[in-house]
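Residue numbers (the numbering used here), protein chains in the order written: chain P, 1 to 78; chain U, 1 to 232.
There could be a bad hint or two in this list.
Dumping the calculated SDA-like pairs for lysine to any residue here, alpha-carbon to alpha-carbon at most 20 Å [as the list claims (entries may be wrong)]:
(1) P:K10 <-> U:I112
(2) P:K10 <-> U:N106
(3) P:K10 <-> P:F30
(4) P:K2 <-> P:F28
(5) P:K63 <-> U:D72
(6) P:K72 <-> U:Q97
(7) P:K19 <-> U:F111
(8) P:K10 <-> U:D72
(9) P:K19 <-> U:I112
(10) P:K54 <-> P:Q8
(11) P:K72 <-> U:A153
(12) P:K19 <-> U:R110
Don't read these hints as lab results, they were simulated from the structure.
Here is what each chain is made of, one letter per residue.
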Amino acid sequence: MKVRVSVQLKPGILDPQGKAVEHGLHGFGFEVDHVRIGRLIDMDVSGTDPAEVKAKALAMCEKLLVNPVMEKASIEVL
Amino acid sequence: MRVAVPVFPGSNCDHDALHACGTVMGWDTIPIWHQETRLPENTELVFVPGGFSYGDYLRCGAIAALAPIMADVRRHAEQGGLVLGVCNGFQILCEAQLLPGALLRNESLRFIHADIHLRVERADLPFTRAMKAGEVFQVPIAHAEGNFMIDPADLTDLEARSGVVFRYCSPQGEIGAAHVPNGAMNGIAGIVNVRGNVLGMMPHPERAVDPRLGATGGLGVFRSLAGAFAGI
């Protein structure tokens with residue numbers, strides 16, 4: 001099944017990349033705030049039960065995909 | 001005294017480590033490929049070098065932390081063996097959870113290379129015992145992700161247990177945001193684990209040990225280790 005893991009810096013953690021992009025957008029006249037840059041990880045995970053597949057993706061987040069010191073993730077089974 | 005230097009694809013300070021430990025200090029220093037599963041017999045110090053292991057993919061140090069050799073580095077650390085991680089080596093030790101915290105992108109977003117000053121916060125460790133608490137020394141930094149961060153509660157713990165070994169400072173030893181090159185919390189440049197045998201630091205002492213290369217500010221760390229090896 002197709003799974004999408006979206007990894008974001010935790011709230012409150014400074015995201016200098018997001019800030020730089022925000023400044024760039026301001027330069028074009030866009031009124032934006034709180035721009036945060038994250039990472040999307042798409043994959044095919046074996047299995048047919050969405051709950052089981054989501055549990056596998058969660059285990060992957062804990063093992064490797066997410067550093068809990070600075071990041072949090074959300075998992076979508078597509 | 002035997003030193004092992006794990007080498008990952010993308011390590012680029014492994015030769016600095018080999019030069020400092022092998023050529024300058026005269027220790028038996030052995031590079032060890034990341035695919036190996038055992039450190040050399042009787043390894044006393046593992047020097048995890050800087051660089052861009054695995055191209056910094058995913059997060060700096062995240063993939064290297066899973067390399068086969070790291071299981072034996074973990075065993076070495078758990079048995080009380082000394083581990084020194086510099087720059088990317090520090091990031092790897094954090095990702096391997098041998099040290100707390102994480103290294104974020106520099107506040108300026110830029111790669112910074114500069115000679116900076118460090119203040120010794122703890123001089124009772126195998127890595128610092130030839131130095132004095134409060135002593136200031138100059139070493140280079142060269143990194144894009146050196147902005148140390150940790151949960152507020154864990155930061156309190158880290159400071160309470162004197163886990164901070166080196167802090168960025170002015171040439172006179174003053175602490176403050178103005179002297180922190182990368183945004184690191186509390187100006188933290190280097191930390192040690194609870195047991196005191198695993199040290200990670202962003203600055204490069206191994207690049208400042210050879211007078212022929214114009215700087216010797218990093219020698220204190222290596223003289224300390226020499227004393228530790230000799231059991232002094």
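Hint-by-hint comparison with the structure:
1. P:K10 <-> U:I112: Distance of about 25 Å is beyond 20 Å: violated.
2. P:K10 <-> U:N106: 17 Å, holds
3. P:K10 <-> P:F30: With a Cα-Cα distance of about 25 Å, the restraint between K10 (chain P) and F30 (chain P) is violated, given a limit of 20 Å.
4. P:K2 <-> P:F28: 36 Å, violated
5. P:K63 <-> U:D72: Holds, at about 18 Å.
6. P:K72 <-> U:Q97: Distance ~17 Å between K72 (chain P) and Q97 (chain U) Cα, so the pair holds.
7. P:K19 <-> U:F111: At roughly 17 Å apart (the allowed maximum being 20 Å), F111 (chain U) and K19 (chain P) satisfy the hint.
8. P:K10 <-> U:D72: With a Cα-Cα distance of about 32 Å, the restraint between K10 (chain P) and D72 (chain U) is violated, given a limit of 20 Å.
9. P:K19 <-> U:I112: Roughly 19 Å separates the two Cα atoms, so the pair holds.
10. P:K54 <-> P:Q8: Measuring from Cα to Cα gives roughly 18 Å; hence the hint holds.
11. P:K72 <-> U:A153: Holds, because 18 Å separates the two Cα atoms, which is no more than 20 Å.
12. P:K19 <-> U:R110: 13 Å, holds
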